[in-house]
Structure formats: C-alpha cells, structure tokens
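Protein chains: 4
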Amino acid sequence: MIPRYSRPDMVAIWSPETRFRIWFEIEAHACDAMAALGVIPKENAEAVWKAKDVEFDTARIDEIEAVTKHDVIAFLTHLAEHVGSDEARFVHQGMTSSDVLDTCLNVQLTRAADLLIADVEKLLAALKKRAYEHKDTVRIGRSHGIHAEPTTMGLTFARFYAEMDRNLRRLRVAREEIATGAISGAVGTFANIDPRVEEHVCKMLGLIPEPISTQVIPRDRHAAFFSALAIVASSIENIAVEVRHMQRTEVLEAEEFFSKGQKGSSAMPHKRNPVLSENLTGLARLVRMAVIPALENVALWHERDISHSSVERNIGPDATVTLDFALGRLTGLIENLVVYPENMMRNMNKFRGLVMSQRVLLALTQAGVSREDSYRLVQRNAMKVWEQGADFKTELLADPEVTAALSPAEIEEKFDLGYHTKHVDTIFARVFGA
Amino acid sequence: MIPRYSRPDMVAIWSPETRFRIWFEIEAHACDAMAALGVIPKENAEAVWKAKDVEFDTARIDEIEAVTKHDVIAFLTHLAEHVGSDEARFVHQGMTSSDVLDTCLNVQLTRAADLLIADVEKLLAALKKRAYEHKDTVRIGRSHGIHAEPTTMGLTFARFYAEMDRNLRRLRVAREEIATGAISGAVGTFANIDPRVEEHVCKMLGLIPEPISTQVIPRDRHAAFFSALAIVASSIENIAVEVRHMQRTEVLEAEEFFSKGQKGSSAMPHKRNPVLSENLTGLARLVRMAVIPALENVALWHERDISHSSVERNIGPDATVTLDFALGRLTGLIENLVVYPENMMRNMNKFRGLVMSQRVLLALTQAGVSREDSYRLVQRNAMKVWEQGADFKTELLADPEVTAALSPAEIEEKFDLGYHTKHVDTIFARVFGA
Amino acid sequence: MIPRYSRPDMVAIWSPETRFRIWFEIEAHACDAMAALGVIPKENAEAVWKAKDVEFDTARIDEIEAVTKHDVIAFLTHLAEHVGSDEARFVHQGMTSSDVLDTCLNVQLTRAADLLIADVEKLLAALKKRAYEHKDTVRIGRSHGIHAEPTTMGLTFARFYAEMDRNLRRLRVAREEIATGAISGAVGTFANIDPRVEEHVCKMLGLIPEPISTQVIPRDRHAAFFSALAIVASSIENIAVEVRHMQRTEVLEAEEFFSKGQKGSSAMPHKRNPVLSENLTGLARLVRMAVIPALENVALWHERDISHSSVERNIGPDATVTLDFALGRLTGLIENLVVYPENMMRNMNKFRGLVMSQRVLLALTQAGVSREDSYRLVQRNAMKVWEQGADFKTELLADPEVTAALSPAEIEEKFDLGYHTKHVDTIFARVFGA
Amino acid sequence: MIPRYSRPDMVAIWSPETRFRIWFEIEAHACDAMAALGVIPKENAEAVWKAKDVEFDTARIDEIEAVTKHDVIAFLTHLAEHVGSDEARFVHQGMTSSDVLDTCLNVQLTRAADLLIADVEKLLAALKKRAYEHKDTVRIGRSHGIHAEPTTMGLTFARFYAEMDRNLRRLRVAREEIATGAISGAVGTFANIDPRVEEHVCKMLGLIPEPISTQVIPRDRHAAFFSALAIVASSIENIAVEVRHMQRTEVLEAEEFFSKGQKGSSAMPHKRNPVLSENLTGLARLVRMAVIPALENVALWHERDISHSSVERNIGPDATVTLDFALGRLTGLIENLVVYPENMMRNMNKFRGLVMSQRVLLALTQAGVSREDSYRLVQRNAMKVWEQGADFKTELLADPEVTAALSPAEIEEKFDLGYHTKHVDTIFARVFGA
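So the protein sequences, as listed, match chains A, B, C and D.
Per full-length UniProt numbering, the very first residue in the first sequence carries number 1; after that it's consecutive.
Per full-length UniProt numbering, the very first residue in the second sequence carries number 1; after that it's consecutive.
Per full-length UniProt numbering, the very first residue in the third sequence carries number 1; after that it's consecutive.
Per full-length UniProt numbering, the very first residue in the fourth sequence carries number 1; after that it's consecutive.
The shape of chain A in the complex, shown without the other chains (with noise of 0.2 angstroms):
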C-alpha cells in the first residue's frame, strides 16, 4: 500500500484512529454486557461511555507503549485517563488482548469488504452502460489472438459484467466469511467471561459470534477471505488485458480516456499509452500475492501462535486498499473508455470477407456438395483474398462451381454480419435480466 495507488475511505479503516474507536467499541459493549449479567457494577459500564466522543491520542497511546510494550494495555491505560481510572478497573475484566484484537481486525475486514462491494456495484454499472451503448457495435472475435467470428463489443462488456457480478457474490461471501468476533479468553474456553458477552458484543458491532475459536478466530476465514480478492483481482487483469490489446497500435480499437490539454508523451499524437490498464495489471499482481501468505497463515500451532499476525498487519491493509483504487481507477476507464466503431470495422475486414469463409463451407456442404469438394472451392477463392487482397464475396460470386450450388442471394447472405448477432439479446436477457 502506497499513497499513489490508495483511496482515502479504505485508508481510513486501517489508521491508527480507526483500529482505538472499534477496541473502545468492543470494551464498553463487553462492560455493558458484564454489567447486564451483575458481573461488573452497572455504573461502571456506564461510566465507560464517557469516552464516546473521544478523538483517542495515538501519540500519547504510543508513548505508554513506549512503556508497557503492549499496545492493549496502552490503550486500556489512555482509556482510564479519560473515563477515571477507579470507573475504568472493571474494562477488559476476563478478556485477553486477542478478543480484542481478532474481533477488530474481522470489523475492519467486513468493512473493508463493504467498500470493495460497494465498488464493484460501480464498476458493474459502468460496465452495463458500455454494453448497452455498444450491443450492436460489431468487431470480430478473435482466438489466439486470430480473427475468428464476428461478435459485438457489447457482447464484450456484457461478459466483464458478468465476471465481476459472480465477483460481487463472491466479494458478499467473502464478508460473511469474516463477520465473526470472539470474545472467549486465553484459549476459547470462556473460563473467565461468559459467553453472553462475547453475543451481546458480536450483536452491537453487527458480527455472529465465533462458534468454536482458540485465543484467535481461526484463519482459514482469512484465507477464503484475501482468496475472493486475489479472484477479483485476476478479474481485473482480465479486463485490462483486454484493453491493452485494443489500444495497441495495429488494433485501436478502443483508447483510454485522453482529456483534451493532456499531451501524449511526446509530439506523435498515436502516441497514448494504456498505462491505466497496464498500471491495473501490475496491481492485480499485487493483490493476488496475499493469497499464498493467507494460506501459510491458516496452521498455526496449537490453541494459537502468533507467525499470522505480522502478515495479516501488512496484507490487511495492502490487499484491500490496493483492490479498492484499482476497483476505482477500472470503472473510470470503463466509463470513460473511448471506442473506434469503424476501426472495428476496418480490422474485421482485414480480410476482405475471410472471417466468412465458415459459413461458405457450411452452405456448400448443405447444398449437397460433398465435404472434400466445399473445402477444395473454399480455399481456392479464399487463397486469391489471402494472396492477391481480392475480395472473398466476389470471387465467390465469380467461381462457376460455387455459383452451381448457391444462388447469388445465397451468397450474399453469407455475408451478413446479422447472422453473427442475431442471439445478442438472447444473451443480454440472460446476463441482465430480461
């Protein structure tokens, strides 16, 4: 995570502010819940409430742990300076630093994959825009990087839509993965604090108590958790792949948005580079590098170790802060990508009606021609476009021996490009709903 590639709102989750409002959070709802159970005096948890409004001092919370060289104790310790130290000696009561710590990182985690979801519902709004603009703008579908059919860039934009929607329930089971607290002591066994806290906790901070956890909430939720990132990440790529190519020089069939006083990098105004979609490639890059780590997390020894915790202080962040800009900086390039219709056009017919030649074939072969013979009347006519530039239509409609079996009009209607699009909305029905 550097400042270049990160948003302020998903920043925001993982500052220092942030992490002491959610522990003050998680203790005054404990002291509350102590107090309903006649643990801790009622005025006690009340007292606690004082620190509401707080804005907690980091600096002074780093001075005590200068100190204490614990960072709850530190805060703990800040806190009684604002609520009484006498009002404050039942806060923390029975709990260990982890019941703290794990349930705030799982909060920051559920709202940081409330940033990422809310994003995607962007980016997927940009995208069926685009398809919607662009469902009947032919372009020819290519294989291996070869031109194969003709399809629409719609039909392109729709099938981003529909990757990044299973994304988003990805993304929403991802949450649900992560929405868990424990408040359950040493080793899980709420020897010292009754389960009745850790519920009352979870309720207020809108998370499901852990059913089983050790000191720590057990990791392979991480796991699943940085998982679905790295998949939306790979996603991500995907898309920007795909614009990389269409910005190539040859292609261009699509640039990213250039603003008007903004100068190529140099005097060759071809010269507009897709650095937004290369930059998106590296950040995919880098999301997806927390998985392995997540994974390696998942083993700890016994009741816990704490090999995860130095990870997760860096991927935490890192992964969803990276996600979160590219997420942003992928549906401004959407919305604002600038598409050639007529270099579609121009590429597809490259060719000169080529990318018909199937069609051709298949005619042949249904006017009873036999399969060899089709092939043979094809690839002669075929050879002229590929070796002279002719044009395939008319060499076709010149062959005697094709002119035999298919009318002219048959002919003719091998050439429309209707063929190719005529279940474009058979497919949109199914990828946005009728």
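Treat the hints with care, since some could be wrong.
Since the list gives no way to pick out one identical chain from another, each pair is judged satisfied if it fits inside one copy or across any two copies.
What the hints assert, rightly or not - The calculated DSS-like cross-link candidates involving lysine-lysine, where the alpha carbons are at most 25 angstroms apart (straight line), are:
| no. | residue 1 | residue 2 |
| --- | --- | --- |
| 1 | K203 | K42 |
| 2 | K203 | K50 |
| 3 | K129 | K69 |
| 4 | K393 | K52 |
| 5 | K422 | K203 |
| 6 | K422 | K129 |
Think of the hints as simulated: they come from the structure by calculation, not from any bench.
Note that this is a predicted model, so its numbers are computed, not measured.
Following the hints, position chains B, C and D against chain A.
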C-alpha cells in the same frame, strides 16, 4: 499426481475412457436437441445412441489423432466407426471443439467436487465421533507453544470439525461455480447453433448453461474452484500440524495408529513417527500450488487463448486427486488416532499447578488485595514452584499473607478443572447443534 | 508431468529403473569405501558389483515393498537376491535410508540440470542464428503496445539471447547448488559411519560432500534449484508472449511455422494460431508453481521431518520434465519462426513517418527554434497525418515555417532509418562478443 | 513495509530524498559524459554540479508533478531552479525517463543488497560464536519430532551457519544480477545518445552497463533478485521454527532472551513466549510473497509495458526492508538465546537410555548373535523401560542372554555419548574451515 497418493475413484474421473464417455454424451444430447429443433433428422440423432454402451477404444482414437492432430476430430471419427459414417454425419454440427472440451472439463470438476464433498462428510463424521469421545478429556491449551489454560481434547476435535464444516460449504460453492456448460460456438455468439441445444445438453448433464461464454467458459470460475481446494488443503495442514505436535517425544498426547505387528523404525519403542501427518503437510503444499496458475489463467486474450489448457491438464487431475487422497488419509488418521489422556494430565501438571496462577491472582484482587500486592504474592509462590519444583497449591496454603485473603476452600477451588470446562457443552451445542 | 509435455531423456531420469541404478551405485561405492577402511571384508564389497549390469526388477521390488512397507529395504532385499544374501550382509551398514534417498535425489536433479543446460545451449544457438539473420531487419519498437521508435528484429532475438545466457549461468549455479551428497547417518553425526565413506561415494558420483547434513541434505539448496527453473520458465514466457503478439492478425510480423500440408483451423488461411507459444505460456506457469512449495520445504522440524518428500516426488519430475519439454519446443519454434520483414515495414509506416516526429522536434530545437514553437510546428503537421492520412515528411517539406529552420536535406535526413540502427553492431558485440 | 518491522538504513534507501539524489547523479554524470564527447558544452555539464550538495525539496517537486503529471520532468524542473534554467537546458538530452528510473532502481536494489549482505555477515558471526560455545553441548537429535540419536547444540548452530553462508553467496550473486544500469533511449537502440554516456554513468555509480536493454532493464534480473531474498527468508523461518520448538513448555531446551524486569504474559514464570521467532516466521511469508509477482513481471510486452512498475514500487521497499529487519532481529535472537544444556540432557534421558538401543542391537549382531535374536533381546529390555520406567543399561546388564554376548564393559561403552560426538570437529572444520 502419482499412484502413491491417488485413489481409484478420483483417478477414474480423469481417465481417457471417462473423458470420451462425457464427450459422447455431450454430442449425443446435442444431436437430440438439434433433432427436436428440426435442424437435423431425428433418425440421425437416434443413431448416435447406438454407441451408448460402447467402451471407446482409446488406442484406436490415439491412432487416429496421430494422423488428424486433433483430439476431438479423432474421437468423432472413431464414433462414426460405431454409429456408421452416414448416420453420424450431423454429429457436432455447428459446434466447436471447445464446446465439447470445456463442458467436459466442468463435468469432470463437478464430479471431482462430489467426491471431495463426500470425503469431507466422512471426515466430519470421524471428527464428531472423536470430539464427543473426548469432550471432557482435559489437556492444557497452548499459545505460542507454551502452556496457557486448560481446555479439552474434545474442543480440539470440535474446532477441526467447525473448520471442515466451513470447508464443506466452500466446496459446495465451488461445485456450483464450476457446474456450467457451454455450447455456444467459436466466439460464443451461437451463430451456428441454437442456444436451446446448450440448454438441453446442460440439463441432461446436470449443468447450468454458462450465461455468456466466448468459445471458453470464463476462467474466474476455475480460479474460484482451485482456491477452494487450497483452503481445504490448508485446513488439512492445520490438523496435521496439531497431530505432529501431539506426537512429539516430549509431548506424546496422541499418536497415529500403529498396528500390532508394525515395527517402529528400530528397536526403540518410542520411535513411532507421525509420517501420515507429515505427509499430509506436504500434500497440502501440492494442492495449494495450483492456486497461482489458476489465477494466472483468468486473463485470457480476447475471446480465448489456449495458455490455460496445459495448466489445467495438470492441475485438474493433480489437485483433485491429491486432495481426495489427503482427505481419505486424514479421515483414517482421525478415526484411529490413539489419544493418551494420562499424558495430557501429566503434561498439564508439569509445572505443578502454575497454570492456575492467573485465577489465584484474580481471586486475590477480588478479595481486596491491591493489584501490586496480589502480583507479588502469586509471583513469590510461583517462583518456588518454578525454581524448586514445589507444588503451587501447597505453597499458597502455607503462605499466611495469601491465607489472610483467601480461605483454604477458596484456594482449593481455584484448582478445580471444572472452572475451565464449564462451557464445553455450550460450545459443542454451537458447533454440532443442540 | 503428462506424456503430452514430456521428452524421454528427462523422463528416464525419474524412472524407477534409474532410481534403483543410482541406489545400487551409492551402496556399492559405500561398500568399497568401507572395505578400504577395513570396516567390512573386501570380498563382500567386491561381491556387490556382481549386480553391476543387472536390470533391477521393479515389479519384484514392489512386491517386496508390499510386505516390508519400506522402499530401501525392499531394494536391498532384492539386491541380495542377485548378490547372495551372505555376501550382501554388509551392504548399507551404518547407513540410513535417507543417505541413499537424498543423495539419489541430488544425482537426479544434477542430471536434470545437465539436460536443461544442454537445452538452453541449443536454444542460444538458435537465437544467435536468427539474431544475425535479422540483424538489420527493421521493425518498430513498441512501448505500452504503442509504436515508439525503430529497432531491428535482430535486436529482439539478441535480447532473448542475452536473457537466456543469464539463465544458462543461473542453471549452472543451480546445478552446483544441488550437486552434493550425504552419507552421514540418522542425525548427520557420522556416529555409525566414517565420513570418508561419504567422501568416496560423492567423488564417484560426481558430487561434493554436504558439509553438514542432518539425515537430510538441507532444503535451501532445493529451493534455490527450483527458483532457478522458475526464472527460466518466466523467460520462456517472455519470448512466447512476443511471438504471440507478432502473430496477431493485425500485426503479423512473424508466425510459428506451419508445414505445407498442415491445415489451419478452417478454410481461413489467416487462421494460423500461435498454439506453441500459447502452450509455452501455460507451461511456464506450471514450472513456476513449484517455487512456493520448494520454499515451504526449507523449514523442516529439527533434524528432519518428511513433509518435503511428497512435494519433491511431484515437483522433482514435474518441473524438470516440463521445463525440458518447453525449452525444446521453444528452440524448434525459434528455429522455424517465419519472419515477415515487409509486414514489419508496413506496420512501421502505418502512421506515415510519425514515428520520426521526435527527431524533427529535436532538430528544430537545435536549429534555434524555441521549444514551444518547435512543438507547435511538429504538432500541426503530425495532426494532418493523424487525421487526414497525409505523409509526414511531405507535410514538413511543405511547411514554410519548418523549412525556414531546416533545409529539405536536413528534413530528409530525419527519416533515415540508419539513425536508429547505427549502434546495432555495438550492441551485438556486447551480447555475442566481438 | 510498516514502521514496526523496519530499520532506518534500509528505509532511507527508498526515501524520496535518496531517489532524487540518485536521479541527480545519473543526470550529472550523463552531462559530464556528453560534454566529454562534445555533445553539450562543458560549462553546462559543470553547472549541474552546483546542485551537488542541495537537499532537494520533495514537497516542491510534488507540487510541480501535480501540474506536469510526470515525476522525472518535475524533478528536472526543480533541478533547473537550482542550476539555472539556461545552464540546465542540456540536462537529460537524448535520454528517456526510464533511463533514469531503471538505473536508479538498480542502484537502490544494489545498496539494499549491500545492507542485506552485511546483515547476513553479522548473523554468521553470531551463529559461529554460539556454535563454538555449544560445540559439545549434547542434545537429542530428532527426526519426525521424535527422539533419534544424540547430536550437539553446536551442530545445530553450525548447520544454520552453513545455510546462511550459502545465502551470503546467493545474495552476492543477486547483487551482481542487479548491479547494471541503462542509458539507451526509448527502445534501447542508443539512437539519441552515445553508448559511452551509459558506460560513464554506470562506472561512476558502480554499475555494469546492461548489454542490451529496451527502454527497460530486463526483468529476469529482478526476478532472480527477489528469488534470492525469498530463499534467505525461508532459511530465517527454518531457524525460527527450531527456536519455537526448543522453547515449547515440554521441551524447553532454549528460550528467547527475557530481560530481568520483563514480565512474561502473566504471573506464570513459564509463560515466556517465543514471540520473536513467531514473528520471524510471519515475516518470512511476507518476503516470500514477492517472488511470484517478480516472476510475473518478466514477460513484458514488446520493448516494455509498465505493469511491472506498480509491483516494484511495493515489493522493492517491502521485501528488502522486511528482510533487513528480520535478519537484524534474528541476529539479536541468536546472540541472546538462552540455552539450557541440563534440560537437553534431561530430555534425552526421558526414555532412560533407549536412544542407545540401536547401538546395542548392532553390537549384539557383531558379537555373533543372529539378527532375530538380537532384536528380541533388545526389544524385551526396551519394553521394560518403555512400560515400567526401568533404566535400559541396568536391564541389559541384568539380562543373562545379553551378558552372554557382551561384557559389562562393552555394554557400558554403548552408552558413551562420545560415540556420537566423535566427528563434531570434522564437521566443524568443514563448516568453519580448519
């Protein structure tokens, strides 16, 4: 995937015979649908089913492929040898090889998921049985590898159960991710084939039609599938590492089952190695390594490139076969794990009551002793245990400053293990249901 | 590793026959050394060599292993069947199975490295040949997929040569990393075997004695080995991606070789897919995926655990066989790559001289025109090219403000391609030597 | 990279100030070379050095970049503010931004390598010291976590030394891989700049000119660099895992240093957690995760795309800062590790002589007892130890069948630890030199 770490049912899914069988079904169902639509004659569609019970000859197909250099064409040629080349002439009409290959791959992955789901269900049954068996078997909980507070072996099994239960859900989602088919032609436009053919084929094969495909089914689905497998593998490692720790010479709280006649590695009876769990640790790494290439496969060029293919030819069988084997091995390991409750108790008592020092500290505080004095009292008695091997409770009972605050009965009560196990039933109810 | 992507020489290294042969050599050389030290009788050592030319019976060994459940013991039992059980009774004395297994693995990896080194040498020869062949074949250099300045196809081959030459060095270092053996006993203390046995065996097998081992040879060596393979694989991908770009329909500056009779995917002659380079892209992912598990294998527990074993049984053969196949495929691809110089020139001229605009800009500045004015002059002529398809040089020659600063000859000179290729020889000398 | 896991020297390498300082040096040296070649006036080259001791104003450069949207141009503009815009007008002539950026990155990575090399040298000194200190401190060697045969703590330190010594060599090779620079223009042809400028700049910065570059320095070099870091990280994990095992409550053969005043996590004196080694385990995962994106960065499109850039902006600082911190932390940990020789002896004797059973077995055989009988004799005495807590040697001495074959002195001799340590000096000589 090597025979040593393979089981026949999963291997069979990836055999050439199975693959050809699935190809046959795709082609035959497609013919039925085309016949129903009036695109091909009904009798030709029916004729294809003559090969219904044929065992396709893999060697013969290889022989043809050596000539045609194309696997699907080789298969179709061989199919025609069974059906009759005239009757078979409409087979595959309007379809591309990828329609067959990609739909087949997803059928295979779906079946693999079914086996893996059944594997996890068996593992869950074993974990549940052992959890109830050892619900009250007290052992010391450990954080950082260091004794913390008592827990029970049943809770250990229960948390593995809960984790694998989450994996069961993940595998079910993964199965859903991958249970789609596509018969949509060269770039996914259905130019040469009616979408209803795809619908029929998918229905007959238990798949959902891919809403939008582009010769290939989008690879974010496969990335999600292999990610789920990697998480399951990491959970296996989690359990394996616990067993390896328990079986350490100095700990010896459990051992992998050794059959009566089986020799350890030598004359030394203590030399029984946790080789199954060590092996599972390695297998987990193998399953996990499929994740990155699966994620890299998502960004194909335009409507498709074939870079994903060689990857999937390997990780498809490798990851599923290895995970299936690992789950089976782990289930056996859990079912037969030899648990040593008396060693658990002896380990816990290694520091003669010291694990209870926190409770004593808390009790002193609650009895009105200041925090500093309480700490000093506990510490000086703890030190006698630590340095001279004394018994903690005995020392406390002999310390007048302690007994001034706490009665012998109160001190005694602090050493009651029931304090730590009082919520085991609550947790079991959460994990296994009431 | 699947047959489709395998070559016999590398596969043979990993066959059971080769493994047993290496085991035999380790045991026989160890007997020689022990006899020389007077530890075992000379005649028993000599007797072992009776099996020198025996083809060990894999099926028989498997049969024995089914009983003994131990591969090395099964082999030794079978060896005794050849040597005579009395003569063979000193074989393996004082050794552990790992002495044999780990030393054998390193022999296999060393041989694999030898094949890979030879593979890269062949690839280098091919790259060098093509580099000189196309030293002066001008093509447009591209950054961000966008035309930048002219370069030559020879420089493209030369940079792949330089990269593969670095890989050659890396493979040699990797070979050195792995060319060690260990015969040091259960925990590496040589308690039961003299270090001179290790020295002799290593010398005879072309290995260096591992300075300090612990039943196993330390796994950082293997991690380094597989890391080197992964870098080579990434370089293969780098070349493959260049070919895939060159073969794109719109670019078509080169094509993978198509044999005369070979049909493209259809009647369309342009439909020749770069399937070899796409396949190489996928194979690179497969080789790379061995890196993470190899790194995870480094941290074994104490003197050894066996978690690395299942990993290496897979990635050992898989990564080396796949990389060997990929290097062979790439060499053929490079040797036969069809290069289209005229298409390169046509692509470069797509924007009719615009790629020279930077030189013109610089020349104007150097002729005393202010930077702002120079930019304006270049820009207004460039725009005519860009928007109206004019020729850049023609426009400049017709612009009085330009010709006021630059003579026609000076303008003409700016379009000299030789300006861009003048240092090609210098670079070739750097890459290939004077 | 987060402050908690960072050290200032490495962080400084990646600061904007350092970056601008390196940019300045590249530009100034390039001017010198151009002046020497007569391409620009000597006085202009000299003028640039006026900024030699300037502390560049990062805020000011950011301000300019906000307008120009280009970091190198912003810097050059700011440089001109110091040098004088007229004097500075030849700065950067014929160069591209990448010439500056890529050369700068390699200077930073080279300096980072220098720090890491020094880190490893310090670690080696610590390991060597502890190895000699505990050369003869006997402890039990363990395979599979199970007692095997005696070894010494010195050998444990010695094998970590040998492994880190290999890492030292790897880091030196990695430094060499990355110590290149390039000033070769837009596509690497030196069209606008003389190769001798590159030579001079590289010489002054301690770099080798990249033999062939293409706007960028080829990324296989960086992949090799980050791969080396990942191996070092895995070795750190290897050592960390050993410490964590030694500090386990039941083992307690060593502990991370606890300062006098430092409290464990509670009143329990045994509760000293190996948090440094657990942290190192996590940090190793963080360093390793840079490998895959670094490998993915190798295959750039044509002469360059910019996808690698965002990756390196992160992993460049992150991986080097984290590894530097980890090496420093590990060195302190090793220097201060508290070793408990008496616990080692107690652990080894847990099974009262059983670890010697293999030697007794061997001795019986060599004394002429059949293998089967020897095994039976050892086994029946071993079982008394295992099941009744007897002492192995005592039992053997009391077994007439045993004493019939072996004299009491011979039996006694089998329990001599010197048997296992007799080659420690040999191994030390191999590892540390004679």
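Here's how the hints hold up against the structure:
no.: 1; hint: K203 - K42; in the structure: within (20 angstroms within a copy, 62 angstroms between copies)
no.: 2; hint: K203 - K50; in the structure: within (21 angstroms within a copy, 62 angstroms between copies)
no.: 3; hint: K129 - K69; in the structure: neither (54 angstroms within a copy, 30 angstroms between copies)
no.: 4; hint: K393 - K52; in the structure: neither (78 angstroms within a copy, 43 angstroms between copies)
no.: 5; hint: K422 - K203; in the structure: between (52 angstroms within a copy, 23 angstroms between copies)
no.: 6; hint: K422 - K129; in the structure: within (20 angstroms within a copy, 51 angstroms between copies)
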